[in-house]
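Take a look at the letters that make up each chain.
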Amino acid sequence: MAANTAFRTCPDTGLKVHLPAQALIKANAVAAVVFLLLGGLFGLFVALTRWPEVHLLPAESFYAVLTAHGMDVLLFWIIFFEIAILYFASAILLNCRLAAPWLGWVAFILMLVGAIIANVAVIQGESSVMFTSYVPMKAAPHFYLGLILFAVGALIGVGIFFATLVIAREERTYEGSVPLVTFGAVTAAIIAVFTLASGAIILIPTFLWSLGYIAHIDSMTYKLVWWAMGHSSQQINVSAHVAVWYAIAAIVLGAKPLSEKVSRSAFLLYILFLQLASAHHLLVEPGVSSEWKIFNTSYAIYLAVLGSLIHGMSVPGAIEAAQRGKGYTRGVFEWLTKAPWGNPAFSGMALSLVMFGFLGGISGVVMGTEQINLIMHNTLYVPGHFHGTVVAGTTLAFMAITYLVVPLIFQRELLVPKMAQWQPYVFGLGVAGISLFMMGAGTLGVARRHWDITFADSTLTFDYPGAAFLMLGLNGIFAIMAAVGGAMYIVVVVASILFGKRREGAGEPAPQPAEPPAGAAVGSYGNAGTLHLPGTYVLVGVFFVAFVLYYFINWKYLSEVWPLS
Amino acid sequence: MAIAPPERRLWWKEPLDKAEIIWITIAFLWGIVMFLAMIYWHIVGEQNLSNEAYRIDPEVFAAKAEEMTEKYQVREEGDTGIPVVHPPPGSDVYLISRLWEWWPILELEKDQSYRLHLSSMDWQHGFSLQPTNINVQVHPNYDLVMTIKPNEAGTFSVVCNEFCGIGHHTMVGRIYVTER
Ligand code: HEM
Ligand SMILES: [Cu+2]
Ligand SMILES: [Cu+2]
Numbered sequence: 001m002a003a004n005t006a007f008r009t010c011p012d013t014g015l016k017v018h019l020p021a022q023a024l025i026k027a028n029a030v031a032a033v034v035f036l037l038l039g040g041l042f043g044l045f046v047a048l049t050r051w052p053e054v055h056l057l058p059a060e061s062f063y064a065v066l067t068a069h070g071m072d073v074l075l076f077w078i079i080f081f082e083i084a085i086l087y088f089a090s091a092i093l094l095n096c097r098l099a100a101p102w103l104g105w106v107a108f109i110l111m112l113v114g115a116i117i118a119n120v121a122v123i124q125g126e127s128s129v130m131f132t133s134y135v136p137m138k139a140a141p142h143f144y145l146g147l148i149l150f151a152v153g154a155l156i157g158v159g160i161f162f163a164t165l166v167i168a169r170e171e172r173t174y175e176g177s178v179p180l181v182t183f184g185a186v187t188a189a190i191i192a193v194f195t196l197a198s199g200a201i202i203l204i205p206t207f208l209w210s211l212g213y214i215a216h217i218d219s220m221t222y223k224l225v226w227w228a229m230g231h232s233s234q235q236i237n238v239s240a241h242v243a244v245w246y247a248i249a250a251i252v253l254g255a256k257p258l259s260e261k262v263s264r265s266a267f268l269l270y271i272l273f274l275q276l277a278s279a280h281h282l283l284v285e286p287g288v289s290s291e292w293k294i295f296n297t298s299y300a301i302y303l304a305v306l307g308s309l310i311h312g313m314s315v316p317g318a319i320e321a322a323q324r325g326k327g328y329t330r331g332v333f334e335w336l337t338k339a340p341w342g343n344p345a346f347s348g349m350a351l352s353l354v355m356f357g358f359l360g361g362i363s364g365v366v367m368g369t370e371q372i373n374l375i376m377h378n379t380l381y382v383p384g385h386f387h388g389t390v391v392a393g394t395t396l397a398f399m400a401i402t403y404l405v406v407p408l409i410f411q412r413e414l415l416v417p418k419m420a421q422w423q424p425y426v427f428g429l430g431v432a433g434i435s436l437f438m439m440g441a442g443t444l445g446v447a448r449r450h451w452d453i454t455f456a457d458s459t460l461t462f463d464y465p466g467a468a469f470l471m472l473g474l475n476g477i478f479a480i481m482a483a484v485g486g487a488m489y490i491v492v493v494v495a496s497i498l499f500g501k502r503r504e505g506a507g508e509p510a511p512q513p514a515e516p517p518a519g520a521a522v523g524s525y526g527n528a529g530t531l532h533l534p535g536t537y538v539l540v541g542v543f544f545v546a547f548v549l550y551y552f553i554n555w556k557y558l559s560e561v562w563p564l565s
Numbered sequence: 001m002a003i004a005p006p007e008r009r010l011w012w013k014e015p016l017d018k019a020e021i022i023w024i025t026i027a028f029l030w031g032i033v034m035f036l037a038m039i040y041w042h043i044v045g046e047q048n049l050s051n052e053a054y055r056i057d058p059e060v061f062a063a064k065a066e067e068m069t070e071k072y073q074v075r076e077e078g079d080t081g082i083p084v085v086h087p088p089p090g091s092d093v094y095l096i097s098r099l100w101e102w103w104p105i106l107e108l109e110k111d112q113s114y115r116l117h118l119s120s121m122d123w124q125h126g127f128s129l130q131p132t133n134i135n136v137q138v139h140p141n142y143d144l145v146m147t148i149k150p151n152e153a154g155t156f157s158v159v160c161n162e163f164c165g166i167g168h169h170t171m172v173g174r175i176y177v178t179e180r
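Each protein sequence line maps, in turn, to chains A and B.
For what it's worth, my numbering labels the leading residue of the first sequence as 1, then goes sequentially.
For what it's worth, my numbering labels the leading residue of the second sequence as 1, then goes sequentially.
Just so you know, the hints here were simulated from the structure itself, not pulled from any lab data.
Mixed in with the good hints, there may be bad ones.
BS3-like mimics (lysine-lysine), calculated; alpha carbons at most 25 Å apart, straight line [stated by the list, open to error]:
no.: 1; chain 1: B; residue 1: K18; chain 2: B; residue 2: K71
no.: 2; chain 1: B; residue 1: K64; chain 2: B; residue 2: K149
no.: 3; chain 1: B; residue 1: K149; chain 2: A; residue 2: K326
no.: 4; chain 1: A; residue 1: K556; chain 2: A; residue 2: K16
no.: 5; chain 1: A; residue 1: K338; chain 2: A; residue 2: K418
no.: 6; chain 1: A; residue 1: K556; chain 2: B; residue 2: K149
no.: 7; chain 1: A; residue 1: K556; chain 2: B; residue 2: K18
no.: 8; chain 1: B; residue 1: K110; chain 2: B; residue 2: K64
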């Protein structure tokens with residue numbers, strides 16, 4: 001049935017591209033970008049409202065817009081894009097046809113309809129419950145229904161991914177083991193099954209409860225199961241963007257993993273231990289024991305963190321090895337200074353890697369420490385942390401790979417390349433700002449999801465220190481910058497897709513997938529003794545020192561607050 | 001390349017590079033250090049959230065808070081009508097959270113311990129003690145009991161930091177800590 005006409009051969013990579021898969025990748029990617037546009041705009045409004053001198057929106061719209069922001073970017077932008085990545089990593093990278101494309105369209109439509117329904121529910125104003133929708137606060141039934149439809153659609157998409165892997169294996173479209181990037185995608189997909197199932201287990205009863213068929217849902221149980229979806233789905237993001245890092249390093253620089261074994265084992269650690277992370281959200285809740293919290297918040301003994309720390313060395317290591325192989329061997333850092341910083345795919349990936357580690361990673365581990373969570377829970381520190389992970393890390397990585405997807409899958413040349421070149425820097429700096437300043441405000445005790453830190457309408461009030469106001473002002477300024485960076489991305493993508501020069505057939509070698517360099521450093525990866533990557537060792541060393549210092553500083557902060565037991 | 005199948009079919013048999021072994025070892029040990037740090041803090045640290053919690057009906061909790069308030073009220077806060085309660089050190093102290101207030105106002109003594117009970121009458125709320133910055137989640141139907149020992153005198157505020165509807169940003173309570 002897989003007729004030959006259903007394929008084209010990619011002029012750049014020689015990969016066989018299944019056209020129905022290509023169409024689905026396009027549709028999902030476009031939907032993702034639309035929700036990023038919508039959600040990003042809401043994010044800007046939220047930040048401008050939290051800037052006390054600006055205080056843009058009235059309270060009621062603020063809470064509605066904040067709900068929509070979290071939902072549109074965290075769920076819809078990210079997951080639509082991930083479905084596109086899954087189709088790419090299976091059908092395209094394995095030279096295979098996509099299993100049941102018609103079902104892919106069913107999935108797509110379910111997701112789209114669900115996302116639209118949920119947005120309508122929030123905009124109608126009766127569902128300002130935040131995307132976490134903690135019971136017993138109640139949203140309109142169609143809010144939950146929208147989320148359920150979206151989750152079901154996504155689950156079908158994941159199923160198609162697995163089915164495609166099976167077909168590829170049976171039809172022998174590749175030799176040996178699947179590529180590392182596909183392996184990362186498999187990791188993401190396995191976690192996604194767990195996650196989406198948890199989502200169904202909690203959202204379906206909640207939906208029935210909102211309709212009046214169920215009398216009571218326990219607030220602690222809800223949180224436990226909800227976060228089995230909510231947090232584990234962040235591990236989908238991590239797996240997906242790490243896979244994207246490897247993919248970009250491979251396509252742009254021809255970088256090979258230092259060791260397939262190490263990188264794959266690190267992905268495996270995600271699968272084995274990330275499911276425990278729901279605990280991160282229950283560290284200061286009643287009725288959960290400390291033993292449970294310690295074991296789960298640390299993924300046993302930080303074994304999933306270990307996975308990320310390993311990638312943190314193997315990704316820059318692969319890049320350094322590739323660059324040294326090309327002859328950039330002078331000093332410790334020539335490989336880095338001579339890297340293609342003008343290529344937005346590379347610069348976006350590099351910034352994503354660094355900021356994910358320094359901003360999102362370190363703060364996440366610190367905040368997830370059982371006792372330290374006491375001085376951070378529900379403060380702005382929390383959104384500060386995850387704008388470091390899911391925005392600076394995941395979103396920026398996804399933006400970066402878009403610059404490769406547009407030529408390879410949409411077969412269009414990038415329009416306004418100068419703007420594309422600057423985009424990762426503008427967006428990256430903006431996000432670094434909002435991440436840092438929200439963390440700063442959180443350290444000063446400023447609450448998250450809070451309309452007015454001057455407490456103008458309260459009977460009793462509290463004066464936050466002046467520095468907190470400064471932090472929120474800076475957050476507003478950098479939010480504008482992040483929004484500009486986001487808008488640049490959307491302009492480049494939309495303009496290129498609609499008006500970019502077609503790259504039919506041969507085409508120019510746009511983002512040339514570099515020849516695997518023949519240098520000794522990467523000639524045969526993984527061999528003990530052939531690697532010498534001083535730059536990577538320095539970078540990893542700096543990271544580790546920062547991590548350790550910041551970790552202990554926070555214990556010090558904790559030790560100063562009121563004793564409690 | 002990472003987008004192609006591994007060159008060596010038996011990739012799981014590759015030897016590891018020394019640098020990688022070193023980094024994996026350091027990272028693994030650091031994980032153990034961080035794991036043990038939490039346990040260590042339970043033994044010697046002074047800031048640990050208690051594990052004591054009970055199921056409770058909101059009405060029952062409210063009754064206890066009202067009883068305490070009747071017994072130990074010392075004044076009202078300005079012209080707000082909110083009672084200020086000065087319970088004896090060591091006693092059980094109840095703080096109600098509901099849309100959108102913390103009730104009553106507590107007056108505690110420095111360096112004395114109290115068994116503070118937190119529970120919600122309706123939705124979830126967030127107990128965020130400022131400026132000291134201690135944050136604990138409050139649920140309906142759960143009575144969380146923690147022993148607190150204020151280590152400084154002054155006026156403290158309890159900001160609600162769990163979103164609880166349209167009045168969320170007006171939900172502020174107060175705790176006074178007096179020198180003995
Ligand atoms: C222009 C870019 C963005 C800006 C300026 C921005 C800004 C903000 C601000 C100020 C908050 C509110 C913090 C609070 O009051 O609690 C927030 C919340 C949030 N943001 Fe963003 N953000 C941006 C992009 C993103 C992206 C791309 C994602 C996800 C991929 C994201 C995910 C979230 C989530 C999940 C929340 C929490 C919502 C909640 O508390 O319910 N943001 N953002
Ligand atoms: Cu509240
Ligand atoms: Cu609140």
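Hint by hint, here is what the structure shows:
| no. | hint | result |
| --- | --- | --- |
| 1 | B:K18 / B:K71 | violated, 70 Å |
| 2 | B:K64 / B:K149 | holds, 21 Å |
| 3 | B:K149 / A:K326 | violated, 63 Å |
| 4 | A:K556 / A:K16 | violated, 57 Å |
| 5 | A:K338 / A:K418 | holds, 19 Å |
| 6 | A:K556 / B:K149 | holds, 18 Å |
| 7 | A:K556 / B:K18 | violated, 35 Å |
| 8 | B:K110 / B:K64 | holds, 24 Å |
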